[in-house]
Amino acid sequence: MPRSWATENKPHRFCPGCGHPLALKALGEAVDDLDIQGRVIFGCDIGCSLLAWDFFNLDSVQTHHGRTIPVMVGMKRARPGLICVAYMGDGGGYAIGAQHLVSAALRHEQITVLLANNSIYAMTGGQMAPTTLPGQKTETTPFGRDPEKTGRPTRGPEMARLLGGEGVYAARGTVANVRQLKNYVKKALRHQMEGRGFSFVEALSTCPTNWRTGAAETWEWVEKKMPAEFPLGEFGGDAPDGRASRPESVLREGGGEG
Amino acid sequence: MPGKDFAAHKYVDGRGVFYLFPALCKGCGLCLEKCPVDTIGWTERTGFLGTSTPAPGFGDPCIACRLCEFVCPDCAIRIDKIAPDKTRVH
Numbered sequence: 001m002p003r004s005w006a007t008e009n010k011p012h013r014f015c016p017g018c019g020h021p022l023a024l025k026a027l028g029e030a031v032d033d034l035d036i037q038g039r040v041i042f043g044c045d046i047g048c049s050l051l052a053w054d055f056f057n058l059d060s061v062q063t064h065h066g067r068t069i070p071v072m073v074g075m076k077r078a079r080p081g082l083i084c085v086a087y088m089g090d091g092g093g094y095a096i097g098a099q100h101l102v103s104a105a106l107r108h109e110q111i112t113v114l115l116a117n118n119s120i121y122a123m124t125g126g127q128m129a130p131t132t133l134p135g136q137k138t139e140t141t142p143f144g145r146d147p148e149k150t151g152r153p154t155r156g157p158e159m160a161r162l163l164g165g166e167g168v169y170a171a172r173g174t175v176a177n178v179r180q181l182k183n184y185v186k187k188a189l190r191h192q193m194e195g196r197g198f199s200f201v202e203a204l205s206t207c208p209t210n211w212r213t214g215a216a217e218t219w220e221w222v223e224k225k226m227p228a229e230f231p232l233g234e235f236g237g238d239a240p241d242g243r244a245s246r247p248e249s250v251l252r253e254g255g256g257e258g
Numbered sequence: 259m260p261g262k263d264f265a266a267h268k269y270v271d272g273r274g275v276f277y278l279f280p281a282l283c284k285g286c287g288l289c290l291e292k293c294p295v296d297t298i299g300w301t302e303r304t305g306f307l308g309t310s311t312p313a314p315g316f317g318d319p320c321i322a323c324r325l326c327e328f329v330c331p332d333c334a335i336r337i338d339k340i341a342p343d344k345t346r347v348h
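Chains as they are written, first to last, in this note's numbering: chain A, 1 to 258; chain B, 259 to 348.
It is possible that part of the hints are untrue.
Subject to a maximum C-alpha distance of 30 Å in a straight line, what follows is the list of computed DSSO-like cross-link-like pairs (lysine-lysine) [as the list claims (entries may be wrong)]: (1) B:K262 with B:K339; (2) A:K224 with B:K262; (3) B:K292 with A:K137; (4) A:K186 with A:K224; (5) A:K225 with B:K292; (6) A:K186 with B:K262; (7) B:K292 with A:K224; (8) B:K339 with A:K186; (9) A:K10 with B:K268; (10) B:K268 with B:K292; (11) A:K76 with A:K186; (12) A:K137 with B:K268.
No lab work stands behind these hints, which were simulated from the structure alone.
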């Protein structure tokens with residue numbers, strides 16, 4: 001168990017087989033490796049991600065509907081020495097709270113966002129989310145999601161990178177590969193600590209309860225079906241020649257809001 | 259911060275020592291499916307939710323790759339590698 005996890009309230013409240021604790025394991029191990037436990041503020045959103053409110057031995061705050069990002073932005077602006085991590089699900093980040101993600105990426109806010117994408121609204125019983133895969137059956141799409149009627153799934157890291165330009169570190173990992181996800185989270189935290197701008201990591205996650213899958217189908221979903229729609233990897237961060245890309249250079253070149 | 263101690267079921271198999279914490283295991287079965295040598299299977303010992311708990315010894319010997327430890331959402335598994343016997347002549 002990562003050192004930054006609080007052991008008193010384990011076992012945690014997530015369902016059996018949930019991907020959230022795996023994403024939080026990656027975050028916890030990244031915090032341990034960077035030895036920044038005393039400086040990190042952890043903010044969680046509403047939805048299943050709120051069950052993480054007492055997950056860590058970190059100062060934590062819980063907010064509603066994607067507002068974790070502006071709360072963390074406020075904390076970072078008031079106390080720039082802190083390392084602010086906003087944790088949310090795909091419903092909070094891409095649907096009702098998308099405006100905050102967009103604004104934070106555009107303004108190069110110096111925070112890290114970790115978003116768990118399980119392609120469904122899990123806490124409310126499995127309705128269609130912005131990230132629901134084409135053809136996926138949910139409570140509100142009983143015949144499978146039809147992209148003709150409801151559009152394509154939202155791709156967050158690509159969007160954040162497009163909006164913010166070079167100063168944004170965006171990556172997509174998966175809970176099927178916690179080591180890779182941990183490296184992405186570490187890079188994102190370093191990005192923030194070095195003051196290089198907004199960092200965003202999406203973790204492809206699991207929801208066996210609402211997908212109604214057993215363990216084998218759960219792995220098939222998250223390892224095969226989801227990466228086919230959501231490509232894994234990093235979308236920017238350091239410039240190709242190895243120099244650290246800074247938001248100021250983006251502004252100077254007219255690539256940002258400037 | 260005062261820690262909480264969890265009692266473990268201990269199994270020795272192949273190249274690893276497999277510790278299973280029944281107070282954390284929710285019986286999701288992700289470890290069974292991820293194991294590359296299919297050594298993990300269900301036992302009759304139950305976890306805190308009344309579900310079966312996993313243990314090694316059902317397939318090829320454990321290679322101590324620690325994949326089950328990495329993918330356990332509840333941190334209910336710990337793998338210790340058994341140090342190779344250096345006195346043995348190959």
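Hint check:
1. B:K262 with B:K339: Satisfied, since the Cα-Cα distance of roughly 24 Å is no more than 30 Å.
2. A:K224 with B:K262: Status violated; Cα separation ~37 Å.
3. B:K292 with A:K137: Between B:K292 and A:K137 the Cα gap is close to 25 Å, so the pair holds against 30 Å.
4. A:K186 with A:K224: The given pair, whose Cα atoms are some 25 Å apart, holds under the 30 Å limit.
5. A:K225 with B:K292: Holds: A:K225 and B:K292 sit about 17 Å apart, inside 30 Å.
6. A:K186 with B:K262: Holds. A:K186 to B:K262 sits at ~27 Å (cutoff 30 Å).
7. B:K292 with A:K224: Measuring from Cα to Cα gives roughly 14 Å; hence the hint holds.
8. B:K339 with A:K186: OK: B:K339 and A:K186 at ~26 Å, within 30 Å.
9. A:K10 with B:K268: 20 Å, holds
10. B:K268 with B:K292: 20 Å, holds
11. A:K76 with A:K186: 18 Å, holds
12. A:K137 with B:K268: Distance ~41 Å between A:K137 and B:K268 Cα, so the pair is violated.
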